[in-house]
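Start from chain H and add chains P and Y according to the hints.
Sequence order for the protein chains is H, P and Y. Letter by letter, the first sequence follows residues 1 to 274 of my numbering. Letter by letter, the second sequence follows residues 1 to 234 of my numbering. Letter by letter, the third sequence follows residues 1 to 241 of my numbering.
A hint or two may mislead.
Computed cross-link-like contacts, DSSO-like style, restricted to lysine-lysine with a CA-CA straight-line distance of at most 30 Å [what the hints assert, rightly or not]:
no.	chain 1	residue 1	chain 2	residue 2
1	H	85	P	21
2	H	53	H	124
3	H	90	H	274
4	H	101	H	274
5	H	166	H	90
6	H	137	H	168
7	H	238	H	85
8	P	21	H	237
9	P	21	H	53
10	P	21	H	204
11	H	146	H	261
12	H	119	H	131
13	H	90	H	237
14	P	21	H	101
15	H	114	H	132
16	P	21	H	261
17	H	273	H	146
Rough simulated footprint, nothing fancy, chain H against chain P, three-plus residues with beta-carbon under 8 Å [what the hints assert, rightly or not]:
no.	segment
18	78 to 88
19	196 to 204
Simulated from the structure, these hints should not be mistaken for lab results. Note that the Cβ used here is the ideal one computed from N, Cα and C, for glycine as well.
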Amino acid sequence: MDVKRRLTLGLLAAACLCTGLAQAEDKFITVASTTSTEQSGLFGYLLPMFEKKTGIQVRVVALGTGQALDTGRRGDADVVFVHDKAAEEKFVAEGFGVERKEVMYNDFVLIGPKADPAKIGGGKDILEALKKIDAAKAPFVSRGDKSGTHAAELRYWKAAGIDLEKTKGPWYKETGSGMGPALNTASSMNAYVLADRGTWLSFKNRGELTILVEGDQRLFNQYGVILVNPAKHAHIKKEMGQQFIDWVVSPEGQAAIAGYKIGGEQLFFPNAKK
Amino acid sequence: MGTLTESLATAFALIGAMDAKLAAIVLLSLRVSLTATLLATLVGLPIGATLAVGRFPGRQVIGVVLNGFMGLPPVVVGLLIYLLLSRAGPLGEYGLLFTPGAMIIAQTVLITPIIAALTRQVIEDSWREYQEQLRSLGATPLRASFTLLWDARFSLFTAVLAGFGRAAAEVGAVMIVGGNIDGVTRVMTTTIALETSKGDLPLALALGFILITLVLLLNTGVHVTRQWAVRRYG
Amino acid sequence: MTSGHESVFPLVLHGLSFSRNGQRIIDDVSLAIDARVRSVIIGANGAGKSVLMRLMHGLLRPTAGQITWCGREERPRQQAMVFQRPVMLRRSALGNVLYALQLAGMARPQRLEWARLALTRVGLAAVARRPARVLSGGEQQRLALARAWALEPQILFLDEPTASLDPGATAEVEVLIRNIADSGTKIVMTTHNLGQAKRLADEVIFLHRGRVVEYTPADEFFRKPRSTEAHAFMKGELPWM
Chain H
1 MDVKRRLTLG LLAAACLCTG LAQAEDKFIT VASTTSTEQS GLFGYLLPMF
51 EKKTGIQVRV VALGTGQALD TGRRGDADVV FVHDKAAEEK FVAEGFGVER
101 KEVMYNDFVL IGPKADPAKI GGGKDILEAL KKIDAAKAPF VSRGDKSGTH
151 AAELRYWKAA GIDLEKTKGP WYKETGSGMG PALNTASSMN AYVLADRGTW
201 LSFKNRGELT ILVEGDQRLF NQYGVILVNP AKHAHIKKEM GQQFIDWVVS
251 PEGQAAIAGY KIGGEQLFFP NAKK
Chain P
1 MGTLTESLAT AFALIGAMDA KLAAIVLLSL RVSLTATLLA TLVGLPIGAT
51 LAVGRFPGRQ VIGVVLNGFM GLPPVVVGLL IYLLLSRAGP LGEYGLLFTP
101 GAMIIAQTVL ITPIIAALTR QVIEDSWREY QEQLRSLGAT PLRASFTLLW
151 DARFSLFTAV LAGFGRAAAE VGAVMIVGGN IDGVTRVMTT TIALETSKGD
201 LPLALALGFI LITLVLLLNT GVHVTRQWAV RRYG
Chain Y
1 MTSGHESVFP LVLHGLSFSR NGQRIIDDVS LAIDARVRSV IIGANGAGKS
51 VLMRLMHGLL RPTAGQITWC GREERPRQQA MVFQRPVMLR RSALGNVLYA
101 LQLAGMARPQ RLEWARLALT RVGLAAVARR PARVLSGGEQ QRLALARAWA
151 LEPQILFLDE PTASLDPGAT AEVEVLIRNI ADSGTKIVMT THNLGQAKRL
201 ADEVIFLHRG RVVEYTPADE FFRKPRSTEA HAFMKGELPW M
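Pulled out of the complex, with its shape left as it was, chain H reads as follows (with noise of 0.2 Å):
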């Protein structure tokens, strides 16, 4: 019958193309980081090191920080890799993960529009930038997206004695999104931001934005590296996962990451524990 010889044949080539899906190579772990670190650029600069010493393919699947890490609880990941130290140690005292390693640090620096109708610009101090923002109810952007950058933001408003329930209106936008949106948000409304310091270098939508405060110590940003435990999950690839830890913290995988530059700046600072 015609038909239904055509119709056998369309199964027969979808189980063929069902057949191409299945893993090829069964080299590789999952690392859920945040979109941070993958919109700077680090992971497309350091992973084809890695993979070209150890053969092991190193997929990054981007998330905010808090998404990230229930990926790890779920099983979804091998390792994940995110700047939240709370949460982290969180994860690890759970028993979610089986060790937390301290990997690299960057930066936030607050970021907002040339004309700078709270006046914070220039200044040193990140806890007193936040007061005057809020003081002049400046338009001020907020990831809102419980990521490491989102948990940063909120500690030094707290910090700075600011009751965000309380004082929080039109003027404090959460877009609920990764920082690449924020910022482009924050373009376009000429607003302030928080922002890691890697994303905005590799940022091109910039507008009338620029960097008013810097350098400020309680601004480094802490990066961890953490270890899905295989005890929760039985099929987590540990021994590749733990490659790429030991890589990353390893003298080499540090001098990757220091040598990783954006027009020639520095954007993480490798600080692995000897």
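Below, chains P and Y alone, put in the same frame as chain H:
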């Protein structure tokens, strides 16, 4: 306007340079969406035909639900498939999350209702025309379904194309279940989203132009085929 | 070929009724139709001719009453129907006949031969490969007849087969109907064309408002109808229903 002209220039430059990475992204997009369309067609055509020709209790309800599912938000489908395929979920053991396979599954789920509902429309019209004659000749409803599906094949092209268009254009589902992993699950739409979020608007727009062009080419192909078919078969 | 050797006749309608949307379209019809002669059902528009045919052919189910074929309730397969507008699939003329033969269960090697023969009998051999839907109205109706004839049915229903055709095509179709009848198939036909009825009928079933008012040999009916309704119909005085 400046951004638009800059994007057009970037687009042509990218295509002209046959950028390997771009080629890989385009090929993956096509592979994912075309496979999803094929699978959705294999499932959707019989469902549509059954709803059009069959007479069984609940038929009307299923029809209404199906029409409603045409408007399934891609991001919701993505989330549901993510929960299914996650290691913590029921189908976790297959390790499909963050692979092109997951993207194909999500898009198939997304567009099957479209293809089924449009097929049902086409076959219902056909059935109205052919019903008495086919029954007179002794065709069972099942046999009649096959006959009508083949007979209406050129109209069904349009339904299949609508499904493909939806799949190729969506970003919500593939972003969540694929993870937009560089070199593995990065497709045109997720790349556009990424480049936009990095503020690289010209590149994002350039990719957008390429995507639109591909879909337009496909549409043209189907249109030409239909014109030929009408002349040939009446 | 599945044309059974057992006769399906007589076709008997027992107190058949059919209602739709609360309206009685066929009202308590009892008839016995035999194999031999050409039966033509006539009546005004809305009298229920098409519905009665569809009930007999099994396309509609009666709301009351029964149909038996040679005493059996089972609907036989050896029947075919030709509609006022021919319904053709998007295939060649040959393809449409092949489709019908395939449905009837004819083996593949025989089908092609048989289908070609059917087309030749109706004078369409030259357009065998042409898409059926681009043929003229008259050609399509002849194709429908070829398709029905190829099945070698014991009974052929025709519902106003020439109503949409020009006089030339009508004449061709009438010739074919005669040929089919001569080859042994029972003809049951409806028409609103009295001239055609006079030409083709051996017996007339006159339907008025869903009831069989007369069932008489044709020459009798046309010479001297027995009922007042038939009389009025012939005189063209029957009001629209």
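How the hints compare with the structure:
For the given pair, residue 85 of chain H sits about 35 Å from residue 21 of chain P by alpha-carbon distance, which is inconsistent with the 30 Å threshold. A threshold of 30 Å between alpha carbons decides the hint, and for residue 53 of chain H with residue 124 of chain H the separation of about 42 Å lies outside it, so the pair is violated. Restraint check for residue 90 of chain H and residue 274 of chain H: satisfied, since their Cα atoms lie roughly 23 Å apart, inside the 30 Å limit. Restraint check: the Cα-Cα separation between residue 101 of chain H and residue 274 of chain H comes to about 11 Å, which is no more than 30 Å; the hinted pair holds.
At roughly 28 Å between alpha-carbon atoms, residue 166 of chain H and residue 90 of chain H fall within 30 Å of each other, so this suggested pair holds. Annotation: proposed proximity of residue 137 of chain H to residue 168 of chain H holds, straight-line Cα distance about 9 Å (limit 30 Å). Straight-line distance between C-alpha atoms of residue 238 of chain H and residue 85 of chain H comes to about 22 Å, which keeps the hinted pair within the 30 Å bound. Among the hinted pairs, residue 21 of chain P with residue 237 of chain H is consistent with the structure: their alpha-carbon atoms are about 28 Å apart, no more than 30 Å.
With a CA separation close to 22 Å, the supplied pair residue 21 of chain P and residue 53 of chain H stays within the 30 Å bound. For the hint linking residue 21 of chain P to residue 204 of chain H, the alpha-carbon distance of about 21 Å falls within 30 Å, and the restraint holds. Straight-line distance between C-alpha atoms of residue 146 of chain H and residue 261 of chain H comes to about 28 Å, which keeps the hinted pair within the 30 Å bound. Taking the CA atoms of residue 119 of chain H and residue 131 of chain H, the gap is about 11 Å. The hint holds against a cut of 30 Å.
A hinted pair counts as satisfied when its Cα atoms are at most 30 Å apart, and residue 90 of chain H with residue 237 of chain H qualifies at roughly 22 Å. For the given pair, residue 21 of chain P sits about 33 Å from residue 101 of chain H by alpha-carbon distance, which is inconsistent with the 30 Å threshold. Taken as a hint, the residue 114 of chain H and residue 132 of chain H pair is honoured in the structure, with Cα atoms around 16 Å apart against an allowance of 30 Å. Between residue 21 of chain P and residue 261 of chain H, the direct Cα distance comes to roughly 22 Å. Compliance with the 30 Å bound is thereby established for this hinted pair.
At most 30 Å may separate the alpha-carbon atoms for a hinted pair to count; residue 273 of chain H and residue 146 of chain H meet this at roughly 27 Å. Beta-carbon proximity to chain H at under 8 Å applies to 3 residues in the segment 78 to 88 of chain P; the threshold of 3 is reached and the given coverage holds. Closer than 8 Å: that is the beta-carbon criterion, and the segment 196 to 204 of chain P has 6 residues meeting it against chain H, so the requirement of 3 holds.
When each numbered hint is compared with the structure, violations occur for hints 1, 2 and 14.
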